[in-house]
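Trainee: The chain contents come next:
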Amino acid sequence: GESVGLHLPTLSVQEGDNSIINCAYSNSASDYFIWYKQESGKGPQFIIDIRSNMDKRQGQRVTVLLNKTVKHLSLQIAATQPGDSAVYFCAENSDGGYQKVTFGIGTKLQVIP
Amino acid sequence: GAGVSQSPSNKVTEKGKDVELRCDPISGHTALYWYRQSLGQGLEFLIYFQGNSAPDKSGLPSDRFSAERTGGSVSTLTIQRTQQEDSAVYLCASTKWGRASDTQYFGPGTRLTVL
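From first to last, the protein sequence lines are chains E and V. Sequential numbering from 1 applies to the first sequence in this note's numbering. Sequential numbering from 1001 applies to the second sequence in this note's numbering.
The set of hints was computed from the structure by calculation and includes no laboratory data. These numbers were taken from a predicted model, which means no experiment stands behind them. Incorrect hints may have been included.
To be verified - Residues of chain E clear of chain V, computed beta-carbon distances all greater than 12 Å:
id, residue
1, I34
2, Q45
3, G83
4, D84
5, V111
What the hints assert, rightly or not - Straight-line C-alpha distance at most 25 Å; calculated DSS-like pairs for lysine-lysine:
id, chain 1, residue 1, chain 2, residue 2
6, V, K1096, E, K42
7, V, K1017, V, K1057
8, E, K42, E, K108
9, E, K108, E, K56
10, V, K1015, V, K1057
11, V, K1011, E, K42
What the hints assert, rightly or not - Partial chain V-side listing against chain E, Cβ under 10 Å, derived:
id, residue
12, P1008
13, Y1033
14, F1045
15, L1060
16, P1061
17, F1065
18, S1087
19, S1101
20, P1108
Even for Gly, the Cβ is constructed at its ideal location relative to N, Cα and C.
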């Protein structure tokens, strides 16, 4: 897959502000999209998912938006907190019998207290 | 209930040595995945086990890499004749059924450093 070397895209946000993390995907056949959060030294943790027949889904403080026309996915975090600081990955897969997930590079979210 | 566990958490080895990494999935989960995460990069799929089916090995980078899953539970990833480019965090995940909509539960990973 593509590589950005050692420098992840980084988003710095003031505590209490809203965060928007963007992701572009390439496979038009993907029908399932997931956002994961990875804190330092830990494995990725599921946040929220969305199917391709939807364009928006809301969770607790998080909203995922899907634009299939431009193959774009975004994660919105409301009232960002210091505990939200992590690397966020989008992932995609197609429902082709089993879950083979393709992960993006990730975006590092830094919350400024 | 316990989550996915991996051991060791850190492994430092010399180039040319073999290493074994272990994954204990969540009890009752039928599907198990191995990924590799290099510094500052996304997750690279390595191998997938589903029940008693033949594993999908399409992501293994070379024949130095192999994995097995005994009794449908614990899995071991083996890297033979390690190279410096094998240095990465190796992550294991399990899902209940292996369907596209199933949530993947990840372990904390094993950080492998090849000197």
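Trainee: Give me the numbers of the hints this structure contradicts, sorted from smallest to largest.
Mentor: Violated: hints 1, 2, 12, 15, 16, 17, 18.
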